[in-house]
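Asks: What follows is each chain in one-letter form.
2 protein chains.
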Amino acid sequence: MTDPTETAFPEQREGEERLCFDPLERVDAQLRFIGRIETPWQRGECPKNVTRARETGQGARVVLEPGFVQGLTGLEVGQGILLFYWMHQARRDLITQRPRHHETARGTFALRSPNRVNPISLAAVRVTSLDLEVGVIGIDAIDCFDGTPLLDIKPSAPAVDVLPEL
Amino acid sequence: MTDPTETAFPEQREGEERLCFDPLERVDAQLRFIGRIETPWQRGECPKNVTRARETGQGARVVLEPGFVQGLTGLEVGQGILLFYWMHQARRDLITQRPRHHETARGTFALRSPNRVNPISLAAVRVTSLDLEVGVIGIDAIDCFDGTPLLDIKPSAPAVDVLPEL
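Protein sequence lines, in the order shown, are assigned to chains A and B. Counting from 1, position 156 in the first sequence corresponds to residue 156 in the working numbering; the numbering is continuous, with no gaps. Counting from 1, position 131 in the second sequence corresponds to residue 1131 in the working numbering; the numbering is continuous, with no gaps.
Simulated from the structure, these hints should not be mistaken for laboratory data. Careful, some of the hints might be misleading.
Stated by the list, open to error - Derived list of chain A stretches under chain B, where covered just means 3 residues or more per stretch with a C-beta under 8 Å from a C-beta of chain B:
(1) 46-59
(2) 64-72
(3) 107-114
(4) 143-153
If you're wondering where the values come from, they're calculated on a predicted model, not measured in any experiment. Idealized CB from N, CA, C, for every residue including glycine.
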């Protein structure tokens, strides 16, 4: 599929295709951000995954909006948690993509690219400090931009979060 | 906090508290469902996690909407994938909860309960069959209700999806 407007999007690479409709022509559910993630990372300098972020030795902070602070009751320092966040700088219109290190394009759902119909991401991190009054969680590391909106926090449960070996 | 309307919600348990505002008074982002998950489970008979679902030996199917089928290109049978889905039967107003097996209430973000401000869930599953024409993925198991809306599919990456041991 060739697209006459392709040159308007310099980040579009050969083999990449856009949805031929606006996925938000139908809105099925609505999200409320519950806080923000404060990190050392801006666009262009963000580690490529949470393991790489951990290797930098730089921690991060999760800051809840006041109305949601009570929801942290029962969390503990040292615990593993899953953070669900919204990749607010991502594109939502690409259905195939060709990352720089790939020779051919693949479907968005066969890639970990931030650009997706619903740009939700997940990180398994460790709680390093906890202020239950103010609603601030220190975490060991994360690979998202400073100011990334937070959607949810769950205790991690490795026994069910990980696929068993065949 | 006592609540005069508590008796109107029989599922509310002692120690559970509701948000004192509607979290959707401010809508921060919008979701588009990309398909549905077909499972053997109705409310009241659903396994409590994906490990238990796997133990039943019953598989499930992910059925994409036609517009999103191309996004599966590159997925393979046998591969591990993460499914992000929307728990459409969940409540969004509880900020503390007391599950049946807990003696005291805890914050929603310290629990794996389906009832949460943004009821997004995650399952790590294995692809058992794949129809890239129709957009149907067979999976080994999942613990969600039949008809659950699908938000996203990503290849699993155990090296980054799992928190390293201390």
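Asks: How about the region 64-72 of chain A: do at least three of its residues have a C-beta closer than 8 Å to a C-beta of chain B?
Replies: holds (count 5)
Asks: Quick one: see if chain B covers the region 107-114 of chain A, three-plus residues with Cβ-Cβ under 8 Å.
Replies: Satisfied; 6 residues make the cut.
Asks: Are 3 or more residues of the region 46-59 of chain A near chain B, judged by a Cβ distance of less than 8 Å?
Replies: Coverage by chain B holds here, the residue count being 4 at a Cβ distance below 8 Å.
Asks: If you count the residues of the region 143-153 of chain A with a beta-carbon closer than 8 Å to a beta-carbon of chain B, do you get 3 or more?
Replies: With 4 residues close enough to chain B, the hint holds.
Checked against the numbered hints listed earlier, the structure breaks none of them; every hint is satisfied.
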